[in-house]
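Enquirer: The lines below spell out each chain.
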Amino acid sequence: MEKTWNNKAWFMVLPVLVLVAFSAVIPLMTVVNYSVQDTFGNNEFFWAGTDWFQDVLESDRFWDALTRNLIFSAIILAIEIPLGIVIALNMPKRGIGVPICLVLMALPLLIPWNVVGTIWQVFGRVDIGLLGRVVASMGINYNYVQNPIDAWVTLIIMDVWHWTSLVVLLCYAGLVSIPDAYYQAAKIDGASRWSVFRYIQLPKMKRVLLIAFLLRFMDSFMIYTEPFVVTGGGPGNSTTFLSIDLVKMAIGQFDLGPAAALSIIYFLIILLLSWIFYTVMTTSDAQG
Amino acid sequence: MMTTKQPLSQRLSWLVPTIYIVFLLLPIYWLVNMSFKETSEILGAFTLWPENPTLRNYQVIFTDPSWYSGYINSIIYVVLNTVISVTVALPAAYAFSRYRFLGDKHLFFWLLTNRMAPPAVFALPFFQLYSAFGLIDTHIAVAIAHCLFNVPLAVWILEGFMSGVPKEIDETAYIDGYSFPRFFMKIFVPLIASGIGVAAFFCFMFSWVELLLARTLTTTDAKPIAATMTRTVSASGLDWGVLAAAGVLTIIPGALVIYFVRNYIAKGFALGRV
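Chains A and B, in that order, give the protein sequences. For the first sequence, the working numbering gives the first residue as 1, with consecutive numbering after it. For the second sequence, the working numbering gives the first residue as 1001, with consecutive numbering after it.
Worth double-checking, as some hints may not be accurate.
As the list claims (entries may be wrong) - Label pairs and their in silico Cβ distance ranges:
{"id": "1", "chain 1": "A", "residue 1": "R94", "chain 2": "B", "residue 2": "L1102", "range": "22 to 32 angstroms"}
{"id": "2", "chain 1": "A", "residue 1": "F11", "chain 2": "B", "residue 2": "P1053", "range": "57 to 67 angstroms"}
{"id": "3", "chain 1": "B", "residue 1": "Q1128", "chain 2": "A", "residue 2": "G95", "range": "48 to 58 angstroms"}
{"id": "4", "chain 1": "A", "residue 1": "N141", "chain 2": "B", "residue 2": "S1194", "range": "49 to 59 angstroms"}
{"id": "5", "chain 1": "A", "residue 1": "N6", "chain 2": "B", "residue 2": "D1064", "range": "52 to 62 angstroms"}
{"id": "6", "chain 1": "B", "residue 1": "P1053", "chain 2": "A", "residue 2": "K93", "range": "35 to 45 angstroms"}
{"id": "7", "chain 1": "A", "residue 1": "P235", "chain 2": "B", "residue 2": "A1045", "range": "57 to 67 angstroms"}
{"id": "8", "chain 1": "B", "residue 1": "L1055", "chain 2": "A", "residue 2": "L268", "range": "46 to 56 angstroms"}
These are computed hints drawn from the structure, not numbers from a lab. Every value quoted in this text rests on a predicted model; they were computed, and no experiment measured them. Heads up, the beta-carbon is just placed ideally off N, CA and C, and yes, glycines get one too.
Whole structure, please, built from the sequences with the hints as guidance.
Expert: See the structure below:
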């Protein structure tokens, strides 16, 4: 749409600006402040320069948490995106099945995140959980509290349970926007199921898939509540992701300097990712 | 080969979503199942169906103020947040969808970064900021804190819906002598009513599911139900039945509102861009 140049539009944006500045800019400045200072208590601060940043970047703790985060994101994307596409392709196109599927599938998305954690904590327990019981009765030694691999498997299944529906819903929205004529033309040409998918459905889903991919990546990159409830970051440190580590550092140990430096680094990574997201999305907006 | 295979695979295609939905519902079924059991049955026997169905767990929640006030607190700050977010986002989204102005693209991008910002980064500074203003443990503190990600979300969703309204409608209204506020309230808002509904739904949803900030900013008076639940988990006398019942009750509001926006959910998640 052709937009007119009007700087008075700033007045309309002003309320948003003030509100978001209060809840984003001021806190962020506090973090920056802490990240370059040290304290011995009594509210006496002195300049520490980039020491905290060096500390964080040289610590194994940061790199381990970052690696764990990246591996986790990679695994859940590798499962959720293809699974979401397959389910969306097989969704009913019309009739009573459509609203039933949509409502039931969206259900996990609206459960408070710590309740999601609680549900899976209970579900996976060997003594009282359905999943834990069934798996144990099959003779597999499964215990997410003690075994790091089991903890990871539990968290990944939980995330798939929680968020695959998002991919399904987005893909489905892309699919229903394809006119019937496309399919009829493909039928006349005798196109196989694969080529219908490859040349008609996939290109139409490209945009929503992109959004799904980026949203899932970023949200899994800042995951906190669910692993915190299920495993508390353990066993050991095996499921301590960046957010969990950060909260531990800032509120648990009250190491303000390192925590603030870690926050800034974390935020810069997110900023970079958001920029990629924005660029990709606006270019695809421009393409229509 | 293709002609014989395709009908079969299409006839069986309903299986895929069905299996998926069963997978989704199994953990929820287990939670509901547990919420109707007595503690002894949960810990002692392994039953797929409560043998002595009891409403005791729900009774505990509805009679104990420390439980049910959690729900009231959650609903108060969620509603406050939804109202604030949508109200301030409406004019901003209109500006973004209709005008170009100095720094508009940077501003739009900056808003997005807040939607993507990890709440963990903000937990500590929020605590200090709101302490300085004496807002800790108030509903409004949580409501404003959640604006961090809900206002950008609302702006993005509303902008998407508003861009779908042709600009000629604005121009015709001005020619007909409508002032801007009158045009906005009488003509424009009704036109994008579904968009407002979707934006409100998403604000409601993300404020409802968030725990980290809500827990950090509250102690007793405004403590959300989700935080009440974590407290129970760490307490020594673990009452699984009550915990399950509390969990079931947090699912219900979402399940209710989801029905109204079922056709727009995808558009909302795509930030108004499907």
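Enquirer: Hint by hint, say whether it matches the structure.
Expert: Consistency of the hints with the structure:
R94 of chain A and L1102 of chain B have their C-beta atoms about 48 angstroms apart, which leaves the hinted 22 to 32 angstroms range violated. A C-beta distance of roughly 59 angstroms is found between F11 of chain A and P1053 of chain B, which places it inside the suggested range of 57 to 67 angstroms. With their beta carbons about 55 angstroms apart, Q1128 of chain B and G95 of chain A fall inside the hinted range of 48 to 58 angstroms. Restraint check, N141 of chain A to S1194 of chain B: a C-beta distance of roughly 52 angstroms satisfies the suggested window 49 to 59 angstroms.
The hinted range of 52 to 62 angstroms is satisfied by N6 of chain A and D1064 of chain B, whose Cβ atoms lie roughly 56 angstroms apart. Taken as a hint, the range 35 to 45 angstroms holds for the pair P1053 of chain B and K93 of chain A, whose Cβ atoms sit roughly 40 angstroms apart. For the hinted restraint 57 to 67 angstroms between P235 of chain A and A1045 of chain B, the CB-CB distance of approximately 29 angstroms leaves it violated. Roughly 52 angstroms separates the CB atoms of L1055 of chain B and L268 of chain A, a value that falls within the hinted 46 to 56 angstroms.
Figure legend: structure checked against the earlier numbered hints; hints not met, in rising order: 1 and 7.
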